[in-house]
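Asks: The primary structure of each chain is shown beneath.
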Amino acid sequence: MDITQLKIHELRKMLDEKEISSVELTNEYLKKIDCFDEKIQSFITVTKEFALENAKNAQSLIDSKNADPLCGIPIAIKDNICTENIKTTCSSKILENFIPTYNATVINKLKNENFVLMGKVSLDEFAMGGSTQTSAFAKTKNPFDLSKVPGGSSGGSAACVSAGFCAASLGSDTGGSIRQPAAFCGVTGLKPTYGRVSRYGLVAFASSLDQIGPIARSAHDCGTILNAIAGWDTMDGTSSKENTMDFTSKIGQDIKSMKIAVPKEFFAEGIDEEIRNTVLKSVEFYKSLGAEIIECSMPSLKYAISAYYLISSAEASSNLSRFDGIKYGYRSTQGDNYNELIINSRSEGFGMEVKRRILLGNYALSSGYYDAYYGKALALKQKIIAEYNEIFKTCDVIITPTTPSTAFGIDENISDPVKMYQADICTVTVNIASLPAISTTCGYDKNGMPIGMSIIGKKFDEATIIQVADAFEKQFNAISPNLA
Amino acid sequence: MSYIPVIGLEIHAELLTESKVFCTCSAEFGGDTNSRCCPVCTGMPGTLPVINQKAVQYAVKAGFALGCNINKFSVFDRKNYFYPDLPKAYQISQLERPLCIDGIVSIEAEGKTKDIRINRIHLEEDAGKLIHDDFNAVSLADYNRCGIPLIEIVTEPDIGSAEEAKAFVEKVSLLLQYAGVCDCKMEQGSLRCDVNISIMKPTDKELGTRAEIKNLNSLKSIVKAIEYEIKRQSKLLDAGERVIQETRRFNDNHGDTKSMRSKEDAHDYRYFPEPDILQVNFTDEMLDDIKATLPELPYKRLERYINEYKLSEVDAKILINQKIVSDFYDNALKVYNNPSSIANFIIVELLRRVNLGEIDLEKLSFTPEQFANLIEMADTEKISKNDAKAVFRTLVETGKNPEDIAKEQGLLIVNDLSKVDEVISQVLKDNQKIVDQYIGGDVKVVGFLMGQCTKSLKGVCTPKVIKEVLENKLKSL
Numbered sequence: 298m299d300i301t302q303l304k305i306h307e308l309r310k311m312l313d314e315k316e317i318s319s320v321e322l323t324n325e326y327l328k329k330i331d332c333f334d335e336k337i338q339s340f341i342t343v344t345k346e347f348a349l350e351n352a353k354n355a356q357s358l359i360d361s362k363n364a365d366p367l368c369g370i371p372i373a374i375k376d377n378i379c380t381e382n383i384k385t386t387c388s389s390k391i392l393e394n395f396i397p398t399y400n401a402t403v404i405n406k407l408k409n410e411n412f413v414l415m416g417k418v419s420l421d422e423f424a425m426g427g428s429t430q431t432s433a434f435a436k437t438k439n440p441f442d443l444s445k446v447p448g449g450s451s452g453g454s455a456a457c458v459s460a461g462f463c464a465a466s467l468g469s470d471t472g473g474s475i476r477q478p479a480a481f482c483g484v485t486g487l488k489p490t491y492g493r494v495s496r497y498g499l500v501a502f503a504s505s506l507d508q509i510g511p512i513a514r515s516a517h518d519c520g521t522i523l524n525a526i527a528g529w530d531t532m533d534g535t536s537s538k539e540n541t542m543d544f545t546s547k548i549g550q551d552i553k554s555m556k557i558a559v560p561k562e563f564f565a566e567g568i569d570e571e572i573r574n575t576v577l578k579s580v581e582f583y584k585s586l587g588a589e590i591i592e593c594s595m596p597s598l599k600y601a602i603s604a605y606y607l608i609s610s611a612e613a614s615s616n617l618s619r620f621d622g623i624k625y626g627y628r629s630t631q632g633d634n635y636n637e638l639i640i641n642s643r644s645e646g647f648g649m650e651v652k653r654r655i656l657l658g659n660y661a662l663s664s665g666y667y668d669a670y671y672g673k674a675l676a677l678k679q680k681i682i683a684e685y686n687e688i689f690k691t692c693d694v695i696i697t698p699t700t701p702s703t704a705f706g707i708d709e710n711i712s713d714p715v716k717m718y719q720a721d722i723c724t725v726t727v728n729i730a731s732l733p734a735i736s737t738t739c740g741y742d743k744n745g746m747p748i749g750m751s752i753i754g755k756k757f758d759e760a761t762i763i764q765v766a767d768a769f770e771k772q773f774n775a776i777s778p779n780l781a
Numbered sequence: 177m178s179y180i181p182v183i184g185l186e187i188h189a190e191l192l193t194e195s196k197v198f199c200t201c202s203a204e205f206g207g208d209t210n211s212r213c214c215p216v217c218t219g220m221p222g223t224l225p226v227i228n229q230k231a232v233q234y235a236v237k238a239g240f241a242l243g244c245n246i247n248k249f250s251v252f253d254r255k256n257y258f259y260p261d262l263p264k265a266y267q268i269s270q271l272e273r274p275l276c277i278d279g280i281v282s283i284e285a286e287g288k289t290k291d292i293r294i295n296r297i298h299l300e301e302d303a304g305k306l307i308h309d310d311f312n313a314v315s316l317a318d319y320n321r322c323g324i325p326l327i328e329i330v331t332e333p334d335i336g337s338a339e340e341a342k343a344f345v346e347k348v349s350l351l352l353q354y355a356g357v358c359d360c361k362m363e364q365g366s367l368r369c370d371v372n373i374s375i376m377k378p379t380d381k382e383l384g385t386r387a388e389i390k391n392l393n394s395l396k397s398i399v400k401a402i403e404y405e406i407k408r409q410s411k412l413l414d415a416g417e418r419v420i421q422e423t424r425r426f427n428d429n430h431g432d433t434k435s436m437r438s439k440e441d442a443h444d445y446r447y448f449p450e451p452d453i454l455q456v457n458f459t460d461e462m463l464d465d466i467k468a469t470l471p472e473l474p475y476k477r478l479e480r481y482i483n484e485y486k487l488s489e490v491d492a493k494i495l496i497n498q499k500i501v502s503d504f505y506d507n508a509l510k511v512y513n514n515p516s517s518i519a520n521f522i523i524v525e526l527l528r529r530v531n532l533g534e535i536d537l538e539k540l541s542f543t544p545e546q547f548a549n550l551i552e553m554a555d556t557e558k559i560s561k562n563d564a565k566a567v568f569r570t571l572v573e574t575g576k577n578p579e580d581i582a583k584e585q586g587l588l589i590v591n592d593l594s595k596v597d598e599v600i601s602q603v604l605k606d607n608q609k610i611v612d613q614y615i616g617g618d619v620k621v622v623g624f625l626m627g628q629c630t631k632s633l634k635g636v637c638t639p640k641v642i643k644e645v646l647e648n649k650l651k652s653l
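Heads up: the sequence lines are chains A and R, in that order.
When you number the first sequence by our numbering, it's gap-free, plus one each residue, and the end is 781.
When you number the second sequence by our numbering, it's gap-free, plus one each residue, and the end is 653.
Among the clues, some could well be false.
So, partial list: chain R residues that the calculated Cβ filter (under 7 Å) puts toward chain A [what the hints assert, rightly or not]: (1) Gly-219; (2) Leu-224; (3) Lys-255; (4) Asn-256; (5) Lys-264; (6) Ile-268; (7) Tyr-404; (8) Ala-442; (9) Phe-624.
Hint data in this document are derived by calculation from the structure and do not stem from the laboratory.
A virtual CB, placed ideally from N, CA and C, is assigned to each residue, including glycine.
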């Protein structure tokens, strides 16, 4: 038995029954990181001592039978989520030495359950990208094939779980950044409803779309983590007062009579044949459980990428303006006045992709262009929301592929940003419409690369998509990557 | 040639909330540099603004005080620009859907009343402060002011002169102070003003090109800047030149304005809806609740003073025009309900000393209750009117109770009638010759006798009693 590939509820049992201690478990992961992360490059910072200290504290709670569900469970954190006294870089040179004085709300919530913080994992710079190859520090590789990308932007978060470097991780999802790398790395990733999880402490990319969520080895594990991190937060005015619940509570309930929508545009040209067939086969599985499959349509999908890149880049251009090298982060040594100093700091501190989006966003918001670009994108947002509402009038969940292709080769798309952006086609509408969605592995392509399927739910109905994903996972034989 | 000035104002007023508009830091004026800031108001990565509901309520209150309509839903926007005093590189403000619109403030200037229309009032955050240290060639940022809630009051171009502008700013200050939302201390920067000004010929159909003068922080500089600008623009037009659209800075020392940046250099603020703050929605009930918290406004108070207290309009206005004076008056009346007497003493004695600089209204050493007690003592002849002034002087200096002061200074009138009788008899005895003159029919001598008695009976009783007793005694002779 490889302990590093166990699910959280299995580890919980072992910890509570004293088959293993939290320190031993943590050491198992640390050993594996030591051996293999040089190849995978998922971690930017491994907080070894801190993790062992967390584990020791957690163990004393376990010993006194006061363990919360995540007590003593090692979890890695995407490096755009602020951690007090621990470097938080966003994979950007401009924040290479930034050490926050505060924790993100999700970190405090995990700390309340006495989790073990394994370290900070890599991402595309400022979460902009789908390959983790724009990271200034760790260009993460896919554990299934080192010549392939792990996806992104939460590539580190997905790869570290896939490789068995920790039990689970937190990522962030603005246009698919949890679900796409989860699909590429053969793990499960949950993007909660916008507002379900506090964004306080998540370094903002696109504020109206960003959402923190878990990546783990099962939908059940994702639910357990969501249980810990969800809820209204006085520090985030956009967090929801909607009641939280046990998001794993529907697991095991009957799928029969559930109505599952399959929007045809998500299976059209541009989606790899193998992926289309594998996802449709999974849909058949639900049918065999008694679910009703309803074919439907989302005509606006063809505009979704444009709307997404306009909205997200516009917000990003403003969110990233604060990085001026004055108060923290990278400061250029060149420049004789304020303007020169910030121009040089930003020019040297930001990578290409980030600069591209800042330019795009500023252009879209410029006077004279606002109505034609940003204004139109907001109108499309309303249309996409309306189309989802229409589908959810009659259906409980929607199933789509998570990605149009499986993990691509390193540097394969990097020179063609438009092609890269098109790859987000299956995931962006969920963020635009503030919906929850979960990606789970539903098969492998001919090269053995994982294929992800997404289950999209109604607002605040994470419990149902976790239930639906779990029903598939229970009968699916998931494969772990062979690192050696 | 003579031109018609067309002036619009933008007034920035800091709201008197305890905490800042998007975090829980203290919003008080001052403090050690960077002692009143946190990760949120310094815009640290990952932090989020959360709106202070009190600030929203105060802005709405200001709207009600300035006769505005309140937008039932209101949206915040980001105004993007780089400046070291703005740590997020954007200011959270309001563009399309401000909290308040379409107000009216009526002013009196140059002997006429005039209505000035308010275009909008929106809520936004203040920026920090830069301290330029020329000696060490560095600029330092103090973020204490960062995130203090501000309202921006924008008028229509209804103002026609420097005098009207001054009257408008004074009126708005008064209304905001009465509403309890701003202390309007221009010297501390809690009220600041931008002026938009153009001039046109009486025959012109279209407005002239305007200049904007930024950040005027006293009534005097508002007046001087407008007067200078009218002259400058008139000279240009007289010479056949054009006024260019630009932002100008007023120099207090020279009394002139200098160009800061032209229209071409103007910022493109790239406004867009602030995604971190949900739109503000009001129900009628919520607005009624806010309205109910609005204190009595100056024009209401003026009516009360004239109709209920029968004060003259002139006197009533003197009291109303400073909220602190009017509040003092109302509080004094609670203790001694004699409106005309208290008004009179405030105007003649208190305000005279304020104008002489002897009294600072914000740091009074005595209470309205003590003040009312003093006036009541004078009115009920426990002390003479004249002595009341002496007692007041001591009250101002010491803050002791007026009765104790009067006692200490021997000014308290006790009306000891047996003593009066005794003293007057003695006076008559001592002045037998004069008394004889009186008996002989020379009634004028009563005055002399009265004087003698008053002198001997100082502090013992009132002149009225002396007169009564004296007259009775003389009659019975």
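Asks: Now tell me if each hint is right for this structure.
Replies: Here's how the hints hold up against the structure:
{"no.": "1", "hint": "Gly-219", "in the structure": "holds, 5 Å"}
{"no.": "2", "hint": "Leu-224", "in the structure": "holds, 5 Å"}
{"no.": "3", "hint": "Lys-255", "in the structure": "violated, 10 Å"}
{"no.": "4", "hint": "Asn-256", "in the structure": "holds, 5 Å"}
{"no.": "5", "hint": "Lys-264", "in the structure": "holds, 5 Å"}
{"no.": "6", "hint": "Ile-268", "in the structure": "violated, 11 Å"}
{"no.": "7", "hint": "Tyr-404", "in the structure": "violated, 30 Å"}
{"no.": "8", "hint": "Ala-442", "in the structure": "violated, 10 Å"}
{"no.": "9", "hint": "Phe-624", "in the structure": "violated, 83 Å"}
Hints 3, 6, 7, 8, 9 from the earlier list are contradicted by this structure; the remaining hints agree with it.
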